[in-house]
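Sequences listed follow chains A and B, in order. Each residue of the first sequence is one higher than the last, beginning at 1 in the working numbering. Each residue of the second sequence is one higher than the last, beginning at 115 in the working numbering.
Keep in mind the hints are simulated off the structure, nothing from the lab. Keep in mind that a hint or two might mislead.
[As the list claims (entries may be wrong)] Straight-line C-alpha distance at most 30 Å; calculated DSSO-like pairs for lysine-lysine:
#1 A:Lys-36 / B:Lys-285
#2 B:Lys-160 / A:Lys-33
#3 A:Lys-87 / B:Lys-366
#4 B:Lys-160 / B:Lys-285
#5 B:Lys-731 / B:Lys-762
#6 A:Lys-62 / B:Lys-360
#7 A:Lys-36 / B:Lys-123
#8 A:Lys-36 / B:Lys-762
#9 A:Lys-62 / B:Lys-510
#10 B:Lys-179 / A:Lys-33
#11 A:Lys-33 / B:Lys-123
#12 B:Lys-731 / A:Lys-33
Here is how the chains run, residue by residue.
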Amino acid sequence: MKGKGNYIGELEELVLLLVGILSNEAYAVAVLKEMKDQTGRELNISAIHAVLNRLEDKGWLKSYMGGASQERGGRRKRFYQLTAPGKAVLDEVRSMRERLYGQLPVGVSYSFGA
Amino acid sequence: MKKQQTPPKWADRFLAWYCNPKLLEQIQGDVHELFYWRLDEAGLGKARRSFIWDVIRLFRWQNIKRTQGQNSKTNNIAMFKNFFKIGLRNLWKQRVSSTINVIGLSLAVGCCIVAFKWIEHTYVKDRFHKNLNDLFLVTHFENVDSDLKWDGDTDYQLIDEILATVPGISKHSRYYYYDAGTKVRERETTTFSLFVDEDYLQMFSFELLEGNINALSQTDQIVINEDAAKRFFGDEGALGKTIELKIAGEWKRFVVGAIMKRKPNNSSMQNYLLVNFDHLEPAIQRSKKATGTNFFIQRGAGVDKLTLETAINKILPVFNQGKEESAYEHVKLEPLSTMAINSTEMLHGVGSAPQLAANLLLGCIGVFMLILATSNYINIATAMAMKRTKEIGVRKVIGSGRSQLVLQFLTENFLLCSLSIFIGCLLAEALFLPGFNKISGASLQLRLLAHTNFIIFLIGLLCFITLVSGLYPAYVAARFKPVVIFRGGNQRGGKKRLTGVLLTFQMILAMITIISAVMFVHTNQQNRNRDWGYNQYDKMVVRLPDTTYHNAFRDKLLENPSVSGVAGTKTLIGRVLNGYSFQLGDSEIYADVFDVGHNYLELLEVRLKSGRFFNEKLKSDEVNGLIVNESFMRSMQLSMDTTDLIVKQDSLQYKIIGVVEDFHYWDFGTRIRPAAMRLVAQSDQYYLMAKTAAGTLSKEIDKVKEDLAIIAPDEQVSVYAQSATFDSYFDEMAGIQNIIVFTAGLAILLSAMGLYGLVSINISSHIKDFGIRKVLGANGFQLSAPVYKRFRYILGIAVVVGVSVSVLVLRALLDSVYGYSEKIGFGPISVAVFILLGVTFLTLNIQVRHVKKLNPAETLRTD
Numbered sequence: 001m002k003g004k005g006n007y008i009g010e011l012e013e014l015v016l017l018l019v020g021i022l023s024n025e026a027y028a029v030a031v032l033k034e035m036k037d038q039t040g041r042e043l044n045i046s047a048i049h050a051v052l053n054r055l056e057d058k059g060w061l062k063s064y065m066g067g068a069s070q071e072r073g074g075r076r077k078r079f080y081q082l083t084a085p086g087k088a089v090l091d092e093v094r095s096m097r098e099r100l101y102g103q104l105p106v107g108v109s110y111s112f113g114a
Numbered sequence: 115m116k117k118q119q120t121p122p123k124w125a126d127r128f129l130a131w132y133c134n135p136k137l138l139e140q141i142q143g144d145v146h147e148l149f150y151w152r153l154d155e156a157g158l159g160k161a162r163r164s165f166i167w168d169v170i171r172l173f174r175w176q177n178i179k180r181t182q183g184q185n186s187k188t189n190n191i192a193m194f195k196n197f198f199k200i201g202l203r204n205l206w207k208q209r210v211s212s213t214i215n216v217i218g219l220s221l222a223v224g225c226c227i228v229a230f231k232w233i234e235h236t237y238v239k240d241r242f243h244k245n246l247n248d249l250f251l252v253t254h255f256e257n258v259d260s261d262l263k264w265d266g267d268t269d270y271q272l273i274d275e276i277l278a279t280v281p282g283i284s285k286h287s288r289y290y291y292y293d294a295g296t297k298v299r300e301r302e303t304t305t306f307s308l309f310v311d312e313d314y315l316q317m318f319s320f321e322l323l324e325g326n327i328n329a330l331s332q333t334d335q336i337v338i339n340e341d342a343a344k345r346f347f348g349d350e351g352a353l354g355k356t357i358e359l360k361i362a363g364e365w366k367r368f369v370v371g372a373i374m375k376r377k378p379n380n381s382s383m384q385n386y387l388l389v390n391f392d393h394l395e396p397a398i399q400r401s402k403k404a405t406g407t408n409f410f411i412q413r414g415a416g417v418d419k420l421t422l423e424t425a426i427n428k429i430l431p432v433f434n435q436g437k438e439e440s441a442y443e444h445v446k447l448e449p450l451s452t453m454a455i456n457s458t459e460m461l462h463g464v465g466s467a468p469q470l471a472a473n474l475l476l477g478c479i480g481v482f483m484l485i486l487a488t489s490n491y492i493n494i495a496t497a498m499a500m501k502r503t504k505e506i507g508v509r510k511v512i513g514s515g516r517s518q519l520v521l522q523f524l525t526e527n528f529l530l531c532s533l534s535i536f537i538g539c540l541l542a543e544a545l546f547l548p549g550f551n552k553i554s555g556a557s558l559q560l561r562l563l564a565h566t567n568f569i570i571f572l573i574g575l576l577c578f579i580t581l582v583s584g585l586y587p588a589y590v591a592a593r594f595k596p597v598v599i600f601r602g603g604n605q606r607g608g609k610k611r612l613t614g615v616l617l618t619f620q621m622i623l624a625m626i627t628i629i630s631a632v633m634f635v636h637t638n639q640q641n642r643n644r645d646w647g648y649n650q651y652d653k654m655v656v657r658l659p660d661t662t663y664h665n666a667f668r669d670k671l672l673e674n675p676s677v678s679g680v681a682g683t684k685t686l687i688g689r690v691l692n693g694y695s696f697q698l699g700d701s702e703i704y705a706d707v708f709d710v711g712h713n714y715l716e717l718l719e720v721r722l723k724s725g726r727f728f729n730e731k732l733k734s735d736e737v738n739g740l741i742v743n744e745s746f747m748r749s750m751q752l753s754m755d756t757t758d759l760i761v762k763q764d765s766l767q768y769k770i771i772g773v774v775e776d777f778h779y780w781d782f783g784t785r786i787r788p789a790a791m792r793l794v795a796q797s798d799q800y801y802l803m804a805k806t807a808a809g810t811l812s813k814e815i816d817k818v819k820e821d822l823a824i825i826a827p828d829e830q831v832s833v834y835a836q837s838a839t840f841d842s843y844f845d846e847m848a849g850i851q852n853i854i855v856f857t858a859g860l861a862i863l864l865s866a867m868g869l870y871g872l873v874s875i876n877i878s879s880h881i882k883d884f885g886i887r888k889v890l891g892a893n894g895f896q897l898s899a900p901v902y903k904r905f906r907y908i909l910g911i912a913v914v915v916g917v918s919v920s921v922l923v924l925r926a927l928l929d930s931v932y933g934y935s936e937k938i939g940f941g942p943i944s945v946a947v948f949i950l951l952g953v954t955f956l957t958l959n960i961q962v963r964h965v966k967k968l969n970p971a972e973t974l975r976t977d
């Protein structure tokens, strides 16, 4: 594994989740569309590529080529799959987030804005 | 017309061009898919725009870089190893051409090294001090005649003020020098003495040889360097010895407390003889004129330069009170590293700025040589590549790409250039640098490993010559078409023109340098024979150890039968220069003034134009008599025979009693300016001049030395010939001349070698041609004509262009070196042209002889 250790960013976490959700249909354009549908965030394709590459470097994703289609001019896609370490990271992030959330004091009123 | 429903072609192509082929399929597929998706959702325009935007956003290093993984790297090493092997074999196979190239390049590299070393040493000064970044010269700006002037001195009062009030100064030293009278073992001389504070040797890192580095804190001790120690005490140890110094008219005794190593060549700060500044204090108190001196400070650790400057500037208003004329505008701390370069910008600067003319000249020589050698290289390498067409063809057919061929040639080139740099360093170390040091008086050394800038320079030079000389031949070779090669076709064409251009250019450079060399030699010759304006021969000059010896020496000289006359003087013509402004009515001129004794001018045989010389019987001549030269009268716009005119020099009034012809009272680097001679009392005359019978001078000088030594046994008596006055100037000029002649020689050599290599390749590739012609009965002339014919236009252009450029440019160079230089006339030019043509002819002739002697059977046997 290389890169900046095991730290996972917000966008990385999102992409990792989406790849997991799309299971066997996860490639860059699919992730981009899914992201738009599910979260409303419109990203550039180059950003998606960068994140996918980074996640693969970290060992949380693995990839293979396949699935040529007409609109791609007969070019193949690179499909991504969630790996066991990738799933473990998602689990860890989630549990940590819930642990922290559970520690929020109960019965406190929050003001709006500044 | 409906636009095509496809992504913009150029963007797609751009993507395909920059993208790593391994990633291209996936990325291109993605953007295409997105394009058709957007086409459905948002229409054509938006889809095309988004496509372009995607392609631009994907233009990032990660997608561009081609190398991935480690496999390809090992392959490269194997490939380069192969290239090296083939390269070495090729160099060996083409020994003659390779040798020509290596010799040429290494000579050029040697020249460049000298030029670099010199130029660098004039720009990079004072860098050896450990505290370099903390040392500053305190300078200031002040209004002089409504002009802001930069001044390197600081007022004594302000120095005290700064030291008392400004925090953050850890060490400081004032820095003041003058020629102090020195007495060692009762022998009196004057010495360039430096008055500094006790911190001086802690601030500046000079190397200690012997003694205590803190010697200056003892006010009765002084510090000298090895040169001074040698001068005063010879080979005996100088430590602990006594030296007396005359400071402000008072003799003081000092003990040598430390001996330093001589200051490095590139140091602006001196260390010949150091004295504690305290000894100068009384003199400063007394003298009203002395207001300031150079003042160096070392900032404390972590102190900001700007803070220091602001703090000093804050006390200026108080200091400026009551001063109208010389109020300080603001103070600037000049870093030690730039002090020398800026020294010409300010008054009272320390150190010397680089001499632009010398640097330019040397730089030009280095670059010229490099151009010559690289042109040779390009020409020969291109021609050599022609002989390797089969190899190139085979490699291409097997599947070698163009870039691989270029790499192969560049590798060979790199080998050759590395070898040249190595030999160039050896040449510089063994020949060029010592020779140059002898001429210029510098002490440059190669010191390869200890000199970072130099290493960077060499690496840069290596890359530069490798690429410049190698790219074109490599490109030409890599462009050959294998089909044409194997079919036996002809590959020649366009590159012939480049070869011609380069050769012409070389010849032009050679022409220019030859003309320069001829001009320098010619001018030096003319200057040596130039009329000095007086008779410099058969005159002997005696320097008096003290003016009290005047009469005794004069009598002794007159006892000598070959001496026909003796005269005294204070300023020795040709050795000392000193001047004032003279006024007549409204006009004011600056004139060099000579204080002479009675009869001195007559004895020197200065030619009287009008009026008379000084008369010993007229008391008035001693008070206000003045003899001037023609330039003086011309500058004052007076006719030559106006005499008895009164001119003023400040409050003094002089009467012009005579006009003499212009004579060279200084070397020929300076043009004759207005000059004036006046009488000086015998008690101020330091020199005696004696006229001897013709042809006896050198014998008499030895004899007079012995005679005078008897009169003054404990003094040093120096006797020399007046005609030797300009010897050091002539030596210096001869040095410059030698550099130029050397350059010209090298330029001819390089061009001739280039020509030789080119012709030899040319002939060897046409060798069958010559064989057949011979068999058919061509005579020697018919054989050689085509060889000469090729070069006549090149030579013609070179001569015409070279001569015109020289006439235009050389004038400026000559004028900057000489006060009086010769015209670039027909004579020198024809000599230069003759040399160039002669060398070219001889070079060609070597090859032509080879052709003439050729046995046609040898060359035709194989076919």
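Hint-by-hint comparison with the structure:
Straight-line distance between C-alpha atoms of Lys-36 of chain A and Lys-285 of chain B comes to about 69 Å, which puts the hinted pair past the 30 Å bound. Distance restraint check for Lys-160 of chain B and Lys-33 of chain A: the Cα-Cα separation of roughly 17 Å lies within the 30 Å cut-off, and the hinted pair is therefore satisfied. For the hint linking Lys-87 of chain A to Lys-366 of chain B, the alpha-carbon distance of about 92 Å lies beyond 30 Å, and the restraint is violated. The hinted pair formed by Lys-160 of chain B and Lys-285 of chain B fails the criterion: a straight-line CA distance of about 71 Å is larger than 30 Å.
Pair hint Lys-731 of chain B plus Lys-762 of chain B holds up; C-alpha atoms about 24 Å apart against a cutoff of 30 Å. Note on Lys-62 of chain A and Lys-360 of chain B: the hinted pairing is violated, with a Cα-Cα distance of about 90 Å set against a maximum of 30 Å. The straight-line distance between the Cα atoms of Lys-36 of chain A and Lys-123 of chain B is roughly 28 Å, inside the 30 Å bound, and the hint therefore holds. Between Lys-36 of chain A and Lys-762 of chain B the alpha-carbon distance is near 98 Å, which puts this suggested pair outside the 30 Å criterion.
Pair hint Lys-62 of chain A plus Lys-510 of chain B does not hold up; C-alpha atoms about 40 Å apart against a cutoff of 30 Å. Distance restraint check for Lys-179 of chain B and Lys-33 of chain A: the Cα-Cα separation of roughly 28 Å lies within the 30 Å cut-off, and the hinted pair is therefore satisfied. Annotation: proposed proximity of Lys-33 of chain A to Lys-123 of chain B holds, straight-line Cα distance about 25 Å (limit 30 Å). Taking the CA atoms of Lys-731 of chain B and Lys-33 of chain A, the gap is near 119 Å; set against the 30 Å cutoff, the hint is violated.
The structure fails hints 1, 3, 4, 6, 8, 9 and 12 (numbered hints given earlier, in ascending order).
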